[in-house]
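With the hints as constraints, model all of the structure from the sequences given.
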Amino acid sequence: MKIVLDRPRCEGHGLCEEAAPQLMHLDDDGELVLDREEVDEADAALANAAVRVCPVAALRIA
Amino acid sequence: MRPSHFTEGMTTPPTSDVDLFADEVVLDPYPVYAELREQGPVVHLRKNDVYALTRYAVIRDALPDWESFSSTSIAFNPMANEALTGTSLASDPPVHTQLRATLTENLSPRALRGLKGRIEAKADVLVAELVEKGSFEAISALARAFPLEVVADLIGFTGHVRDNMLRWGQAAMQVIGPMNQRTAESFPIAGELYEWCSQVKASDLAEGSVGRGIFDAEARGAIPPDTAGHIIHQYLGAGVDTTVAAIGNIVALFASHPDQLDLIRENPSLVPGAFNEVLRFWPPVNAWGRRATKDVDIDGTVIPAGAQIAVLLGAGNRDPRHYENPDAFLVERNPVDHLSFGYGPHGCAGQGLARLEAHAVIEALSRRVKRLVVGLEVRVPSNITRSIEELPILEVIPA
Ligand code: HEM
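Residue numbers (my numbering), protein chains in the order written: chain A, 1 to 62; chain Z, 1 to 399.
To be clear, the hints were calculated from the coordinates, so they are not data collected in a lab.
Certain hints may be false.
[Said to hold, decoys possible] In the DSBU-like style, the derived pairs of lysine-lysine whose C-alpha atoms are separated by at most 35 Å in a straight line are:
(1) Z/Lys116 <-> Z/Lys133
(2) Z/Lys294 <-> Z/Lys47
(3) Z/Lys370 <-> Z/Lys133
(4) Z/Lys370 <-> A/Lys2
(5) Z/Lys122 <-> Z/Lys201
(6) Z/Lys116 <-> A/Lys2
Right, dumping it as structure tokens:
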């Protein structure tokens with residue numbers, strides 16, 4: 001599975017990073033960086049948690 | 001009324017005679033919400049002529065689904081919807097997408113990062129003073145004083161505007177309700193805010209403020225001409241009364257749940273989760289509007305095209321299908337997916353600022369206070385924002 005970011009929608013609330021710091025982080029400018037876009041079974045729960053918590057629905061799983 | 005093209009097997013939603021905006025309901029909506037939730041995920045309220053969305057799952061699906069549920073009717077009376085036309089709050093994509101970008105340019109967590117330290121310092125000074133005093137009225141001295149100061153500084157307000165922010169902010173939310181007496185009395189006051197915002201100039205705002213930055217952006221052409229005043233209008237309309245309510249709720253809930261305050265005192269990493277729980281338990285905004293753009297099927301029942309929707313955020317937050325033991329206030333729950341900021345394209349644009357303010361207050365309170373002894377809490381019925389009017393703190397037992 002793959003995490004997909006709708007870049008224009010992202011406002012940098014950072015809740016996804018709190019949910020899944022292994023997969024993504026905000027850089028020094030507050031822009032979201034997906035450290036891993038392709039995620040395997042083992043990280044599916046983390047990826048789903050990050051998607052779920054985004055307050056503006058800027059993340060999805062494809 | 002019933003459109004003829006309903007598919008076989010579809011039924012109309014259950015009905016109820018509950019009045020969502022009756023005094024006793026706005027003062028304590030949760031028993032009524034529990035009743036409606038049990039009736040079904042969508043219930044037609046005859047008295048208000050609205051279709052109420054009552055359960056967590058249906059609300060969470062509806063909020064981002066602008067193709068079925070339009071924001072052109074977020075208010076429960078046509079005059080307010082008309083007045084809001086052209087704002088981000090009341091627009092649907094694709095127009096909304098552009099307005100939202102303009103609105104968040106100066107309000108996103110990215111834009112606010114520089115303010116964190118100042119906001120934390122302000123909260124700490126204020127809380128320290130109040131603890132020192134030992135007794136105070138928490139709504140005026142903290143819940144109102146703190147966000148008013150933060151937002152006034154943020155936008156760069158000075159003079160009489162500062163004095164009017166609370167009245168204007170309250171009225172802007174009140175008029176979102178149905179056309180009852182509260183709404184009628186608030187329209188002229190909301191009008192004062194609108195008037196002021198339509199003629200405010202850069203030079204009226206303090207240098208270096210975010211408000212001034214919005215005018216600079218307009219001058220640079222980064223945002224469309226004549227939008228700066230409207231943006232400031234939205235910050236004030238949406239950002240004052242809600243945050244005041246949230247901070248008052250923090251104080252009241254900590255006072256009535258000393259065991260929960262203890263948990264935060266022992267473990268400061270619970271601060272963000274504690275704010276999520278305050279918002280889940282007592283949302284500043286319990287009911288918010290949408291309009292059905294077409295016949296919408298909800299679990300086999302149909303909301304007819306054109307119907308006014310009431311999204312019961314406060315009912316979804318207490319849905320036992322989603323949260324275990326939902327009527328308990330538990331700061332360790334960390335309900336990150338609560339509905340109190342909305343969700344999706346219209347999800348609260350000011351939530352970064354609200355979090356900065358609330359986290360700073362919770363942090364300062366949990367560091368300086370062991371117990372709060374409160375007197376009688378006073379509430380006044382209000383259409384949209386549910387907040388405490390007076391909360392006397394009789395005694396502070398310092399940490
Ligand atoms: C605890 C405090 C707050 C609560 C509970 C709250 C709640 C909400 C909710 C429920 C919505 C969604 C409306 C919808 O779906 O139609 C919203 C939108 C909005 N909020 Fe907040 N809000 C808070 C604080 C703030 C602050 C501090 C500001 C600004 C300074 C602000 C500005 C806005 C704006 C501009 C929108 C419209 C966004 C859009 O339409 O895209 N809010 N808020």
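Non-conforming hints, listed in increasing numerical order: Of the numbered hints, just 4 does not hold.
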